[in-house]
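Peer 1: Sequence:
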Amino acid sequence: MITQVLPLGVTPRSVNNLKQFRDKKTPNRPGDYRGAFASGPERIIRELIGSSDNVLHLYSGRSTIGRIRVDLECEEATLKMSVEKYISSCSDHFEWCLLDPPYQIKDHDNLKEYADARALSGNALFRDRIRLFFREHVDNVLYLDYCSPTCRGFSRAGVWAFLPGYSWQPVRCLTWLKRQNYEMSLFDKKDRPAPIVAGHD
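Numbering (our numbering), first residue to last: 1 to 201.
Don't read these hints as lab results, they were simulated from the structure.
One or more of the hints may lead you astray.
Stated by the list, open to error - Dumping the calculated EDC-like pairs for lysine to aspartate or glutamate here, alpha-carbon to alpha-carbon at most 20 angstroms: (1) Lys178 to Asp92; (2) Lys178 to Glu136; (3) Lys85 to Glu75; (4) Lys85 to Asp128; (5) Lys178 to Asp139; (6) Lys178 to Glu95; (7) Lys178 to Glu42; (8) Lys85 to Glu73; (9) Lys85 to Glu136; (10) Lys178 to Glu47; (11) Lys178 to Asp128; (12) Lys178 to Asp145; (13) Lys80 to Asp92; (14) Lys178 to Asp53.
What you are looking at is a predicted structure, and each value in this text was computed from that prediction instead of being measured.
Kindly produce the complete structure, drawing on both the sequences and the hints.
Peer 2: Here's what the structure looks like:
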């Protein structure tokens with residue numbers, strides 16, 4: 001599994017020594033943006049997905065990554081609707097799914113322009129629904145949040161922790177979840193997949 005800690009505006013290929021960590025400045029500061037990836041996570045995401053066109057981007061905001069981009073109101077979205085509504089009706093399968101959901105921020109002025117400012121990580125019922133969506137429709141997940149989630153049937157292929165270069169901003173984690181070759185029971189209370197056994201129905 002890949003594990004790295006990087007400044008929010010720096011990528012692995014551009015980091016050769018500690019001086020670069022100190023000299024690089026975070027390009028995205030509060031007020032500069034509403035809903036696009038900072039340069040560090042964006043470059044890693046683009047390197048991972050490569051030339052794949054089969055990419056779904058949930059909570060896409062102003063980002064232009066992904067063939068299907070779901071957001072409530074941003075012009076860059078290809079589908080202007082809630083993520084909850086989209087995943088409940090989706091029948092497609094994707095090689096990659098990107099998520100950069102709203103964070104739970106104490107200063108609500110930072111989110112006053114968002115149509116939906118609820119944090120996914122704090123919504124237990126929706127977490128269950130989106131995990132089920134991953135298992136049924138997605139091969140790889142790239143999730144940027146304050147946490148590093150897991151999902152039955154997937155393993156962490158990489159985790160990048162990004163250190164913002166200003167103020168008291170929390171660390172962001174970009175987690176890569178990769179589908180494993182398992183059959184899963186939705187009623188497995190131990191929350192772990194059963195291996196496929198050849199020759200059995």
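Peer 1: Compare the structure with each hint and give your call.
Peer 2: Now for the hints, and whether the structure bears them out:
1. Lys178 to Asp92: Since the Cα atoms of Lys178 and Asp92 sit roughly 18 angstroms apart, the hinted pair holds (cutoff 20 angstroms).
2. Lys178 to Glu136: Holds: Lys178 and Glu136 sit about 13 angstroms apart, inside 20 angstroms.
3. Lys85 to Glu75: holds, 18 angstroms
4. Lys85 to Asp128: holds, 15 angstroms
5. Lys178 to Asp139: holds, 6 angstroms
6. Lys178 to Glu95: holds, 10 angstroms
7. Lys178 to Glu42: Holds, at about 18 angstroms.
8. Lys85 to Glu73: Within the cut-off at roughly 14 angstroms; holds.
9. Lys85 to Glu136: With a Cα-Cα distance of about 16 angstroms, the restraint between Lys85 and Glu136 holds, given a limit of 20 angstroms.
10. Lys178 to Glu47: holds, 15 angstroms
11. Lys178 to Asp128: holds, 18 angstroms
12. Lys178 to Asp145: Holds - the C-alpha atoms of Asp145 and Lys178 are around 17 angstroms apart, at most 20 angstroms.
13. Lys80 to Asp92: holds, 17 angstroms
14. Lys178 to Asp53: The given pair, whose Cα atoms are some 18 angstroms apart, holds under the 20 angstroms limit.
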